[in-house]
Structure formats: structure tokens, C-alpha cells
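Number of protein chains: 2
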Amino acid sequence: MRNAVIIGVGMTQFGKFLDISLEELGRVAVWKAIKDANINPKDIQIAYVANGLSGLILDKVGVIGQGVLAHAGFGGIPIINVENACAGGSTALRGAYLEVASGNCNIALAVGVEKMYCADLAKSVAAMTTNTPYNNMGFQFSGDYAMNLRRYMKQYNVTREHFAKVVEKNSYNGSLNPYAQHQKPLSVEEVLNSRVIAEPLTLYMCASIGDGAAAAIVCAEDVARRYTSKPLVEIAACVLKSGTYRKQKETDPDIDTCIYTAKEAYQRAGIGPEDIDVAEVHDAMAPSEILLYEYLGFCKPGEGARLIDEGRTKLTGDLPVNPSGGLAAKGHPVSATGLAQAAEIVWQLRGEAGKRQTKNPKVGLTENAGGLTQFDDYGANSVVILKK
Amino acid sequence: MRNAVIIGVGMTQFGKFLDISLEELGRVAVWKAIKDANINPKDIQIAYVANGLSGLILDKVGVIGQGVLAHAGFGGIPIINVENACAGGSTALRGAYLEVASGNCNIALAVGVEKMYCADLAKSVAAMTTNTPYNNMGFQFSGDYAMNLRRYMKQYNVTREHFAKVVEKNSYNGSLNPYAQHQKPLSVEEVLNSRVIAEPLTLYMCASIGDGAAAAIVCAEDVARRYTSKPLVEIAACVLKSGTYRKQKETDPDIDTCIYTAKEAYQRAGIGPEDIDVAEVHDAMAPSEILLYEYLGFCKPGEGARLIDEGRTKLTGDLPVNPSGGLAAKGHPVSATGLAQAAEIVWQLRGEAGKRQTKNPKVGLTENAGGLTQFDDYGANSVVILKK
Chain A
1 MRNAVIIGVG MTQFGKFLDI SLEELGRVAV WKAIKDANIN PKDIQIAYVA NGLSGLILDK
61 VGVIGQGVLA HAGFGGIPII NVENACAGGS TALRGAYLEV ASGNCNIALA VGVEKMYCAD
121 LAKSVAAMTT NTPYNNMGFQ FSGDYAMNLR RYMKQYNVTR EHFAKVVEKN SYNGSLNPYA
181 QHQKPLSVEE VLNSRVIAEP LTLYMCASIG DGAAAAIVCA EDVARRYTSK PLVEIAACVL
241 KSGTYRKQKE TDPDIDTCIY TAKEAYQRAG IGPEDIDVAE VHDAMAPSEI LLYEYLGFCK
301 PGEGARLIDE GRTKLTGDLP VNPSGGLAAK GHPVSATGLA QAAEIVWQLR GEAGKRQTKN
361 PKVGLTENAG GLTQFDDYGA NSVVILKK
Chain B
1 MRNAVIIGVG MTQFGKFLDI SLEELGRVAV WKAIKDANIN PKDIQIAYVA NGLSGLILDK
61 VGVIGQGVLA HAGFGGIPII NVENACAGGS TALRGAYLEV ASGNCNIALA VGVEKMYCAD
121 LAKSVAAMTT NTPYNNMGFQ FSGDYAMNLR RYMKQYNVTR EHFAKVVEKN SYNGSLNPYA
181 QHQKPLSVEE VLNSRVIAEP LTLYMCASIG DGAAAAIVCA EDVARRYTSK PLVEIAACVL
241 KSGTYRKQKE TDPDIDTCIY TAKEAYQRAG IGPEDIDVAE VHDAMAPSEI LLYEYLGFCK
301 PGEGARLIDE GRTKLTGDLP VNPSGGLAAK GHPVSATGLA QAAEIVWQLR GEAGKRQTKN
361 PKVGLTENAG GLTQFDDYGA NSVVILKK
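Residue numbers (our numbering), protein chains in the order written: chain A, 1 to 388; chain B, 1 to 388.
Keep in mind that the hints were calculated from the coordinates and are not lab data. Be a bit skeptical, because a hint or two may be false.
Heads up, the list lumps identical chains together, so a pair's fine if it works in one copy or across two of them.
Dumping the calculated BS3-like pairs for lysine-lysine here, alpha-carbon to alpha-carbon at most 30 angstroms [what the hints assert, rightly or not]: (1) LYS42 with LYS249; (2) LYS362 with LYS247; (3) LYS60 with LYS16; (4) LYS123 with LYS362.
These numbers come from a predicted model, not from an experiment.
If we strip away everything but chain A, and leave its shape as in the complex, we get (with noise of 0.2 angstroms):
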């Protein structure tokens, strides 16, 4: 396997955009991820295009991404749909590495897009339960994260408050960037007294539906410098599981898909959790954050609180975790989700992050993990390593 890098992304804000097609919102972040990589559509050999909820949401099924391509003005490359749930997005950019890495090609596309809402707002609302484990019972995702973080609460002595810090920090961070869907900082007591969507979780602390789209371009390292004078961002690991330790976690409930995820992700490029100096993790549920440290390795099991009162992965923090706001604040549209979050990491990592940069990170990880299932804890969990 040769070396790949990422050297343009692209993304919309995120939002509520009834009158934009879907079409239009991939359109836009494909030809924003062109431009910045100075390539011509020409260079692009394959495509990878995620999305997952057109069937239910929008009563469209079938080569969503050739709709988008060819929107976007371009297409007579092969093009590959996939889906899996809210990893959708990294599992679109696992496909274009692979095929640059494998030297298949030498440019390859990913994209993700997602429209959630639509006119019929129940529609958007039933999309989001049809596989979750126990959905004959009416759970929702929230459900699932709720009972999890109230058995983590009690094990290590956490409380409602360093959730609500968590959305403190990333709706700060939100409120910073301009593809957000929420702009708005939010206090500690503002989070706490929003309402409650299943305790602990209130309004704040989870993501809400939206619309948007994220795009990359993965090139062969050896190439790169025909297009591009801005630093190449190396995919240093780009790795994939499913989980099935849903059993384990009744006995060992700090045992969680992510874990191995990260540790595979770590040996491919030849670091470890102490190399991090940012990263964007899956928060659809905020609080969830903290147990993301833990898993990523940032800490140890039950120590994930004290980095959130310490600051440390605040944007002035030593390690800084979801600078763009997270999926709470950014917004969550599934499949666009792991690209936004791709996207974000490069920006860092080139130092165009706007008001929300880093301090010079060298080495970012994303984080981004999908669907549960009656037997897996997660159908997909990303973890991608950039390096400069």
C-alpha cells in the first residue's frame, strides 16, 4: 500500500434547507472540495458517495451519488454508494483511500450528503428508529445512550453538570464556525434546563436532524504536488469495524467497539493516543464525548470528567476534541457527518481553522461511529488518523 493524502475538502453549512435538493448541497461540496484541491473533475477517476436516508425520508432509492455527480456537472467514472448509518461518511473516505493506497487510482472522490427534513416532519422522526435494537419497544437513539451514560454516571461519580460542559465547550466552538447548523454558545445552566429528552440527556446535549453535505478528494502522495501548494494532510489510518460486544458489556460495561477501533488505528500509523493534538468525535449524544476520550485512549477508564473540568480539550487545551462543535453543535446529517468531521481536521491541520484554530496540531483523529443493531453495540465505528 502506497501513501494517500487528503488534499481538498469541502463542505455546506449544515442546517435546515427545505428548498435545497439534495442534489444541490452534494453539488456544493464537491465543487468546494475541487477548488481547494486545484484539481480539474476530469482528475477524479472514482467516486465514493455516502447517504443513508433517502428511501424513508425523500421516497428516492437508488445511485443517489450519480444524481449528485451528475449535478455537479461531471460523472462516466465509476461510482460507488455506501451507506452504513451515521459512519457513512468515514466509510466513503475508507473507500477512496483504499483505492488510492491500493494504487487503483491515483484521485479519488468521497462524498457524503444527507437531507433529513422534509415537509413531513414525522417522516424525518421515523427514519431515525427503524434499526435501533429494541425499536418495537418505541426507543429511539436516545434512548440507548441515555441508559449507557446513566450506568456510566453511577460507576465513576459523574454528573449531569459535566455533561452540560461538554455542550458548553462545543457550542462555544460551534458558535465560531461558519458551517454550523448552532451558533449559539450555550451555558452550563442553559443546557441543564433545556427539556429533558431522556434522562440525563436534555434538548442540548443531542444532536438534532439537519441537512448538509462534506467532500474530500484522496490523492496518491507521489502526485499531489501536481495540484497542490497547500500541505498534504497524509491518511496516516483509515480503519473500519462493526461491533459485537453487546453481550461483554454486561459484564465488562467499559468495553466498546471504539476501544479496538482506536487501537488498530493507532498501530496502523504508528503512534499513540498521546501523538493527538485534535480531534472530532462522534457526539450525537454530547455527553457520550467523555466516554469517547476514554476509548480513544486520552485517558483512562472513569477519568473522562476531569479532562472536561480541567479544560484540556477545550480549543485552548492541550488537546483540543471537537473544535468544529461537534455533532451537537455542527449538526449531524448521517452520512455527511465523518467528512465534515475529515474536513475539519484538515483545516487544523493546514492552519485554516478561522477563529477556532488549534494551536499548530501536527496530528488529528476523527471519530465517527453508526448504527446499533439488536447484536452489534456499533454496525460501523470509524477511526481515521491525519498527519501533516
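Starting from the known structure of chain A, fit chain B onto it as the hints suggest.
Showing chain B alone in chain A's frame:
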């Protein structure tokens, strides 16, 4: 890239199975392939799972493959859900091929599974129209095919009888195939007298909707002998393209994405169309098999009907096409089709095709196409060349 071989295939019968779940169909195909390959499920390092219509027809969305593999009794490996309309199965096969050929893993699984029948048939029908180019005119695929066929008939003096002869041949083949959805041999008269769907297409010329699954195990050639003593079937080429020739077709009606896909496949395999001993092609509307003879280089433009007249593509001919019965007889559960084609060619090359076995073929081809959009003649076109 290193050599990759198919060491196991499996499929369900195609048909109408209202009481069998999508997951159960997938499980059966996966385990048949596992047993055929003589591997342990733990040997499988990654899975590509194709499914297209669950969102619209089953109100089910997300991580379909995770559900199938969990139901099959295993998981924990990366699972990549892919979609490419009727070419989804070949897209999954291409993914598994790339994982193995690139050296990323030794054994990869490709699965295609589709349930098109449901209690409310209107949903099944609606799902077939969402992405045709003129769906706002009430068009279905049959109309698009019919227009192209009428042009072809006029240009080359081809008759409805020629088209019916394709069905006569393929329905006979299907009658010998225990996996086929329709196992009744049809006469030319029966085909012509069946009701008109879209002139010149009659009912028996059109693939019906269906439920089913098919799977293949792809393995690195250099370790394949650890598992199987059966003939190894090499993936000599596995090419996927998207078409943008709709505009060009106005001035050059003989142009088709398949021509370019096949050309690249022959080049990669280092052979020509004259080396193909047996083929499975995408006859969703049976008459298009005649056009595919031409696109695949089996004869010159306008000479396809002669191959039918001379019986050369019958089981007993020098170039048997669709020995399985093809899509119209075997059935066409869309995302399963590409892998069912591959299964048939593997059986043919191994001499395991029973009553429909062709004469000692050494090189086989599958052609699988899917997804019309307003801009593309095919959203995805796949040509795979398999060698004993």
C-alpha cells in the same frame, strides 16, 4: 495488485417469499457460500453487502449488511453497505475483489440481497420508478427499454420474433435451474401472445420483481488452496463504470456504456470477446440480450439477432449466454443479481451446473447494469471476467 479467486458461491432460489425476512435470505446465501468455500466464518475479514430497496419497500434503512451478518451468526468485521441499483451485487463483488487484490485482506465476502415483494404491491411498483429519467412522465424502466428497442428494430430489421426467441431460449435454461423464479419453458407464441407491457415488450420479455440473495467468497490466490480443492476461479477483471452517453446516443445510437466497460475488462484480463466461453448478461428486458451481444463484442453492430437465429447462444451453442435463465427467467431481485450471475459462471467453470452445464468452459463473463438517471445511460455498468 495480486491475483484474487472466487472459492465459494451460494444463492437462494429467487421468487416470492413474503414470509421470509431479508436477513434470512441473506443468511442462507452467505452460509451456502461459506460451506462451498470450506472456510470458517471467522476466516472472513471484511464484507460488502448490496441492498437497494429496503428503504422504500420495507420501511427499513441503515446497516442492512450488519443485520444480515448478525442473523448469519457472526460479525465484528468491517461491513460496507453498497448500492448501485440493479448493479449492486457486482459493486459488492468489486469491493471484495479490491480488498483482496490490494493485499488489504486475504478473504472477503460479497453479498447481495433484496426483498421486492411486500404486502402492499404498490410500494414495490413505486420503488421501481423513483430514479428513471422521465419518472415525472409516469415512465418505468420498461418504457425506456421499449423506446430503445423500437429504434433498434427499425435500424437493423429486427423483429418481435427475434426478441421472443431470446425468451424461448432463456426460459428453457431457467426450467433446468432449481434456483430460478420461473421454471416454465415458454414458446415463441406464448411470449408474443402474452400481454403487451410497452410495445414491443410483452409480459414474458420482462423480468418480474423477486426476492432473493446471492453471495461469493473472494480469496487471495496464494492462500486459496488452504481451503478448497475445487477448481479456483480467477477474477481476471472486475470493471465498473458509470455512463454519460445519453446525449451522444442521439447521434450515435449504437453507443453504450457497456461497450467501454467491456473494452476495459478485456484489456485488464488480456483477452478478447472471442475468448469468452459462457456469459451471463443483464436481460432485465430479455430483448436487450441481443444488443448486449453487440456491446460485448460477441458480434458486430446489427448482427445480434443472427446469433439468436443460428442458436449459437443456446446451451448447446458455441457461446452460451444466460445459461441460468437470465434475469427474466431466473428472477431479478435487484441487488442480488450481479452475484447470482457470478455464482452461475463459477458453477459453469467448475462443471457443477447440472442439467444446464455448458461444454467445458474455461473463461466466463458477467455483465450487470443498473440505474438510469436523467444524465446517464447507466448509473453503473459492470463487466467481470472469470477464468478457470
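Tested hints:
Taking the closest pair of Cα atoms, LYS42 and LYS249 come within 30 angstroms of each other only across two copies (21 angstroms); inside a single copy the shortest separation is 48 angstroms, beyond that limit. In this homomeric assembly, LYS362 and LYS247 never come within 30 angstroms of each other (Cα to Cα): the closest approach is 38 angstroms inside a single copy and 48 angstroms across copies. For the identical chains of this complex, LYS60 and LYS16 are neighbours both inside a copy (19 angstroms) and across copies (24 angstroms), given an alpha-carbon limit of 30 angstroms. In this assembly of identical chains, LYS123 and LYS362 lie within 30 angstroms of each other by CA distance neither inside one copy nor across copies; the values are 42 angstroms within and 51 angstroms between.
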